[in-house]
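A.B. asks: Here's the letter readout for the chains.
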Amino acid sequence: MSDISKKSLTEIVRLIKKKEIKSEEVTQSFIKNINNDKKLNSFITNCSEEALNKAKTFDKSPKLDTLLPGIPIAVKDLFCTKDIKTTAGSKMLENFIPNYESTITNNLWKEGAFLLGKLNCDEYAMGSSNETSYFGNVMNPIAENTVPGGSSGGSASALAADLTPVTIGTDTGGSIRQPASFTGTVGLKPTYGLCSRWGIVAFASSLDQAGPMTKTVEDSALMLEAMAGFDKKDSTSINKKTESYSKNLNENIKGLKIGVPKEYRVDGMPNEIDKLWENGKKLLIDSGAEIIDISLPHTKYALPTYYIVAPAEASSNLARYDGVKYGFRSEKSNNLIEMYENTRSEAFGDEVKRRILIGTYVLSSGYYDAYYLKAQKVRQLIKKDFDQSFKKVDAILTPSTPSSAFKIGEKKNDPISMYLNDIFTVPVNLAGIPAISIPGGTDNNNYPLGLQLIGKPLDEQKLLNIAYAIEKKISFKQSLNKWWEK
Amino acid sequence: MSKESGKYIIEGEKGKWEVIIGLEVHAQVTSKSKLFSGASTKFGAEPNTQVSLVDSAFPGMLPVINEFCVQQAIKTGLGLNAKINSYSVFDRKNYFYADLPQGYQISQYKNPIVGEGEITLDLPNGSKKIRIERLHLEQDAGKSIHDLDPSNTFVDLNRSGVALMEIVSKPDMRSPNEVNAYVKKLRSIMRYLGTCDGNMQEGSLRADVNVSVRKEGDKLLGTRCEIKNVNSIKFMQAAIVYEAKRQVNLLESGKKISQETRLFDTKKNETRSMRSKEDAHDYRYFPDPDLLPLNIDKNLIEKIKKSLPELPDQKKERFIKEYSLTSYEANILVSEKEISDYFEEVVKNSDKKLAKNWIMGELFASLNEKNISISESPITSNKMAQLITSISSGVISGRTAKEVFEIMKETGEEPKKIIENKGLQQKSDPKELEKIIDKIISNNKDKVIQYKSGKDKLFGFFVGQVMKSSGGKANPQLVNDILKQKLK
Amino acid sequence: MSIDKDTVKHISKLARISVDDTKIDNLSKDLSSIFKFIEKLNELNTDNVEPLSSILNEPLRLRKDEINDGKIREKILENSPQKNEEFFVVPKVIE
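Chains as they are written, first to last, in the working numbering: chain E, 276 to 761; chain Y, 55 to 542; chain U, 11 to 105.
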């Protein structure tokens with residue numbers, strides 16, 4: 276059998292269900308690759324041993340009527356996993372072992388999968404290059420010293436390097452889609468509320484969504500089906516029956532209308548991105564869809580809006596990290612206030628501190644109206660832009676990122692330049708709608724570039740279908756030279 | 055301080071001052087579980103045993119609101135004749151303290167669940183309406199225990215997340231007495247509705263008292279100070295008295311009042327400044343993104359309205375009419391639902407005038423003596439009714455009834471049994487009484503002559519003799535009638 | 011809007027994060043440039059726009075008043091950096 280770790284999830288599941296391979300073999304093939312993770316640094320916690328035991332247990336009496344039978348899956352270290360260290364990429368939670376399991380990971384385990392390990396990420400999901408993690412930078416398998424994107428950088432890297440068949444990440448401003456674009460993989464952010472947030476370390480509550488990161492669209496559909504579902508422990512969870520996304524995956528998109536927003540053509544956009552986008556349009560037309568020019572007039576205000584709303588919510592969500600109940604506590608404190616201040620300044624990294632300070636300021640007395648309230652109004656306008664467009668089109672096509680993966684350290688000292696990575700992804704989170712990034716081509720350096728499809732609320736099936744259709748036509752193949760194994 | 059025509063005035067060195075008081079009452083909702091989590095709210099549990107992962111703010115935890123708490127807030131709002139807002143929002147109030155695990159309290163800021171309402175107070179010099187500003191739901195904090203260890207504070211999160219209704223009055227109160235009446239009335243309404251048990255010793259009801267002063271006759275409000283967390287009416291009154299005087303003294307010596315938060319020191323009987331928990335009180339309120347806005351539809355409000363029990367004010371009006379009570383008497387009998395229920399049960403089966411006198415007299419005295427509530431008294435409403443009927447039907451005299459009552463209050467026995475066992479029935483057989491009277495008359499012929507020749511006071515002598523001879527059991531009314539006849 | 015050092019100190023106090031004097035300058039610079047960026051929103055007139063109150067079109071879900079949690083003291087305390095059998099333990103507040 277050829278390298279199992281190169282196969283898609285769908286294929287592996289098929290083989291397991293047909294009893295042509297065992298979970299143990301599958302797990303071993305990924306463990307072998309994980310042993311070479313050092314240079315990539317995509318794993319924070321390696322659960323190989325326990326995974327192997329679970330695989331063996333599964334093989335003894337395999338239950339084959341689930342969606343993910345016997346599948347080992349490594350997950351972003353933002354999902355609380357019971358009795359397994361969950362760090363959020365931070366010193367604050369360096370030794371935190373939750374005694375509870377997040378709803379999303381529990382959903383995966385209920386479908387027959389088990390934990391392979393916890394993946395590196397930007398600290399508290401704040402970052403676009405996985406350069407803010409307390410546990411060190413993650414490298415992009417496509418080339419040495421390139422960033423994998425962020426915040427789900429470890430997830431994207433491990434996936435692209437075959438250290439896990441699939442993975443799950445979280446997307447607040449593009450943290451699934453942007454790393455997917457940078458690593459040549461598929462990343463889906465579902466409609467806000469489709470996937471439960473219970474047990475996920477919170478960054479910005481009204482924007483965070485868990486989503487699948489996979490090699491193919493077909494895998495993405497299968498994962499979404501396992502993940503999605505109403506959770507009564509989450510007041511923002513949508514009460515809706517889970518659809519059979521994988522069963523209903525269909526590449527026939529004849530007659531669908533795809534919008535192309537002119538405002539996404541930004542000044543100084545690299546030629547390659549333009550070409551990628553044009554190619555995407557062409558492929559859609561070839562598939563029988565119709566391209567329609569649309570306008571999303573408030574697009575340029577999305578990033579500033581995001582950098583008010585997200586930090587504001589984060590500043591409040593991260594107030595619980597005070598050294599009292601769990602996590603890091605500074606040793607050298609003489610009173611409560613000192614303990615708070617020392618704990619938080621020693622255990623939070625620079626980017627997290629910056630965002631907490633921004634968030635605190637925009638909510639503070641005298642500034643709330645001018646910043647936070649204003650941002651919520653602009654958010655309304657951005658959402659209305661999408662609502663209006665979706666009256667005319669079924670989905671929207673844009674590039675995923677304004678560039679391909681950049682070099683480690685290249686943007687670290689310029690926060691704004693780092694924030695601009697999210698320019699195409701952020702509007703989607705603000706509007707709460709679903710979007711998927713698929714590899715659309717490469718740039719002159721042969722680095723992957725992503726195409727983004729944005730859909731209507733709760734219209735994931737159609738979105739997946741469109742992505743499926745053009746994925747077939749693009750037929751993206753990535754052959755990496757595994758420099759990290761040397 | 056002087057009270058002129060019921061007005062509360064503070065006599066300063068340089069003039070007369072009045073005090074302006076507003077109250078923010080925190081009332082614990084009678085729910086079994088907390089506002090946003092399923093942990094229990096029961097009083098007195100072992101530390102940290104009524105705490106869920108949500109209450110202790112573990113990573114990834116989320117709030118889900120308790121339906122019962124929403125209903126109690128609506129009910130209370132209706133009991134305050136207040137507007138129920140069909141749209142309300144839960145906001146985060148951000149600050150750091152050891153007993154606040156999330157680093158914020160979920161409360162309501164600009165869009166509370168209940169809007170303006172009012173409470174009518176019954177005061178000695180008439181009734182007065184106190185306007186309610188709003189009522190909102192919020193989480194209670196946990197407890198920090200400072201005195202178990204010299205250098206550390208111990209934190210118990212049992213109370214963290216318990217549902218509170220915060221009821222804010224407008225600054226309409228003008229004296230400690232009004233505050234007393236207000237808190238009692240508010241408590242009574244909530245107990246009638248069952249939305250808060252008003253148990254101040256267990257902390258179910260406490261208040262922040264806002265106090266300011268101004269020269270008598272002035273229209274503008276002065277700078278106020280907030281006295282936080284006062285948990286008894288007595289302390290509220292003492293705090294107001296002290297604080298008002300303090301402010302008057304400051305102002306009369308030319309100083310300004312700085313708006314601050316103060317605590318009432320119950321040992322020293324004075325208020326003192328609290329070093330603030332936050333340097334600036336910048337709570338950075340914003341709508342909680344883990345929750346959605348609360349929409350309450352009109353049908354729910356109507357449904358709850360229909361289910362409301364009769365409230366104290368309505369009951370009072372009805373009692374005055376139905377039972378011919380004075381306003382004062384009605385006030386007392388409706389002050390607690392248990393008392394009004396008790397009264398009505400007694401009155402169903404007995405004379406209403408006797409009932410009210412015995413309940414407000416002997417029964418209340420016995421409750422005070424034993425420091426128990428009416429529902430804890432061994433004298434049930436049935437037994438009370440029985441006792442009263444024994445009096446009104448002439449089985450025993452009023453005086454004998456007092457004896458019987460004394461026994462009832464200790465043993466809880468039925469009056470019928472007591473009367474039988476002790477042979478306390480009145481002698482009401484006229485023939486029997488005539489015999490006794492005839493005997494006494496014949497044994498005291500000289501006194502009879504004296505009486506007939508004008509010594510009216512001797513009548514009492516004869517009555518006394520009849521009583522003595524009958525062992526106190528002669529029916530006094532009959533004795534009177536027969537004696538009068540015979541001594542004509 | 012430029013965020014000067016005093017403002018940085020004030021916000022840090024509110025956020026309970028102590029900032030090293032050596033880092034204040036950089037922080038002030040970074041925050042100022044971020045604020046310049048987000049102030050782009052001032053270009054927009056939003057006088058007649060309602061702020062987004064919720065991204066979902068769902069009603070707030072209410073749960074039944076049942077006791078189905080708690081009684082897990084060990085679990086609640088086990089992750090605390092300092093505790094005893096019954097309580098979380100923290101340094102005293104200086105009043």
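No lab work stands behind these hints: they were computed from the structure. Certain hints may be false.
To be verified - With a Cα cut of at most 27 Å, we get these calculated DSS-like pairs of lysine-lysine: (1) U:23 with E:607; (2) U:23 with E:508; (3) Y:499 with Y:509; (4) Y:137 with U:23; (5) U:50 with E:686; (6) E:607 with Y:197; (7) U:23 with Y:164.
What the hints assert, rightly or not - From chain Y, some residues computed to sit far from chain U (all C-beta separations above 12 Å): (8) 69; (9) 86; (10) 109; (11) 118; (12) 159; (13) 286; (14) 347; (15) 351; (16) 382; (17) 390; (18) 399; (19) 449; (20) 481; (21) 498; (22) 522.
Yeah, the Cβ is synthetic: ideal placement off N, Cα and C, and Gly gets one too.
A.B. asks: So, against the hints stated earlier in the document, which numbers end up violated here?
C.D. replies: Of the numbered hints given earlier, those the structure breaks are 2, 4, 9, 10, 11, 14, 15, listed in rising order.
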